[in-house]
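Novice: Work out the full structure, taking the sequences as your base and the hints as a guide.
Protein chains: 2
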Amino acid sequence: MRARTGRRPGNPDTREAILRAARTAFAERGFDAASIRAIATAAGVDPALVHHYFGSKDKLFLAAMNAPVDPAALLPGVLDGDPDHIGERLVRMFLGVWDSPAGVAGVALLRSAVTTEWTARLLREFLVTQVLRRVLQHLGADPAELPLRGSLAAAQMAGLVLMRYVIKLEPLASAPPETVVAAVGPAVQRYLTGPLAGVFPHPPAGSP
Amino acid sequence: MRARTGRRPGNPDTREAILRAARTAFAERGFDAASIRAIATAAGVDPALVHHYFGSKDKLFLAAMNAPVDPAALLPGVLDGDPDHIGERLVRMFLGVWDSPAGVAGVALLRSAVTTEWTARLLREFLVTQVLRRVLQHLGADPAELPLRGSLAAAQMAGLVLMRYVIKLEPLASAPPETVVAAVGPAVQRYLTGPLAGVFPHPPAGSP
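In the order they appear, the protein sequences are chains A and V.
Add 53 to a position in the first sequence, counting from 1, and you land on the number used in this note's numbering.
Add 53 to a position in the second sequence, counting from 1, and you land on the number used in this note's numbering.
One or more hints might be untrue.
The list treats identical chains as interchangeable, and a pair is accepted whether it falls inside one copy or across any two copies.
Said to hold, decoys possible - Straight-line Cα separation of at most 25 Å, SDA-like style, residue types lysine to any residue; simulated pairs:
hint: 1; residue 1: K221; residue 2: R186
hint: 2; residue 1: K110; residue 2: K221
hint: 3; residue 1: K110; residue 2: P100
hint: 4; residue 1: K221; residue 2: D195
hint: 5; residue 1: K112; residue 2: A197
hint: 6; residue 1: K110; residue 2: D135
hint: 7; residue 1: K221; residue 2: A158
hint: 8; residue 1: K221; residue 2: E170
hint: 9; residue 1: K221; residue 2: T168
hint: 10; residue 1: K110; residue 2: A250
Just so you know, these hints were derived from the structure itself, not from any lab.
Here the structure is a predicted model, which means the values were calculated and not measured.
Specialist: Here it is, written out as structure tokens:
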């Protein structure tokens, strides 16, 4: 059930107590406001033990929400390269994850987020702090536009995953990955960097 | 709980037996292959009684899956008018439904479809036979392209609903409806009628 942290020394009950405290803290206070110190206090352990078990707040968060993958490891391959094709690379990376064994954990996470407000909150924090913040900082677009652009891109990606892997609507469910990349990549690109008439007062910097 | 059929004569147990048989038939055989005659036989009633209670196979299907709205009533307002803005009208209609009391039933349906394979099948049949078939027949594009175009548009709409109304990712969740229409409408339009380079061998008829 837990094979991501590499090492798991000490008492499994302690580890589980930390994860329980972390889930509550991240869901109630959000990722940024939840501190390792407060999580350690709630779990009745020393903060050094939390660092020892999980390494960083990012990694504790991924473990607490059973994240299928670590965006920090995957996103550099998406962000590096021609910025005009970042949408395609993002869709290609997504399909790679969901077509892999990690996709099963991803479907479980999505199911849980749709049915449980508490998991929905964790997923929201995950998307904003682990995925969108990284992508959007890299793009360097107008900071005022970034949050809406990010959530529009997230909606497109989430719908793709929902229809292809959960509802399994054909022919999208069986379409070759590169067909999906060609179809959905430009839509994601438009949300991230394209001009969005009627949404923002001016076209974004660098657009024609 | 059921206020859509206008009249509900006869025995409520009989009505419920028909709905149970209909759910099984539509989920197992699909909308097109499920016949009112077979559903009546499974429920132990005369087919005339099914027509009497529900009117048509479309309406029986909507009742069986607790559909929040009847697409046959809503879609004419989307399909009539400038075909180049059908994406915007589709998004505007969707937001109207999800912002209305019917949106609560819609969230319940989506939750159920994400967690239950059986409801996922019904939702798939609903999307294909009640929504996409009507939209795509109206557009009159290349029949070979219609199913994939329809499922791509459905994925975009589903993701919008998921992020705005279920996961409630900000600022998308609180964005004014017309901002969302301006942002997402063109993406839906592209899926339905735009050229999709790398997806189909040729641009669709009528595109530049």
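Novice: State for each hint whether it applies.
Specialist: Now for the hints, and whether the structure bears them out:
1. K221 to R186: between (29 Å within a copy, 17 Å between copies)
2. K110 to K221: between (35 Å within a copy, 24 Å between copies)
3. K110 to P100: So K110 and P100 pass the 25 Å test inside one copy only (11 Å; across, 62 Å).
4. K221 to D195: Only across copies: K221 and D195 sit 23 Å apart there, 36 Å inside one copy, limit 25 Å.
5. K112 to A197: neither (29 Å within a copy, 46 Å between copies)
6. K110 to D135: Close neither inside one copy (31 Å) nor across copies (52 Å); limit 25 Å.
7. K221 to A158: both (17 Å within a copy, 21 Å between copies)
8. K221 to E170: For K221 and E170, both the intra-copy (24 Å) and inter-copy (10 Å) Cα distances are at most 25 Å.
9. K221 to T168: Close inside one copy (19 Å) and across copies (13 Å); limit 25 Å.
10. K110 to A250: neither (38 Å within a copy, 42 Å between copies)
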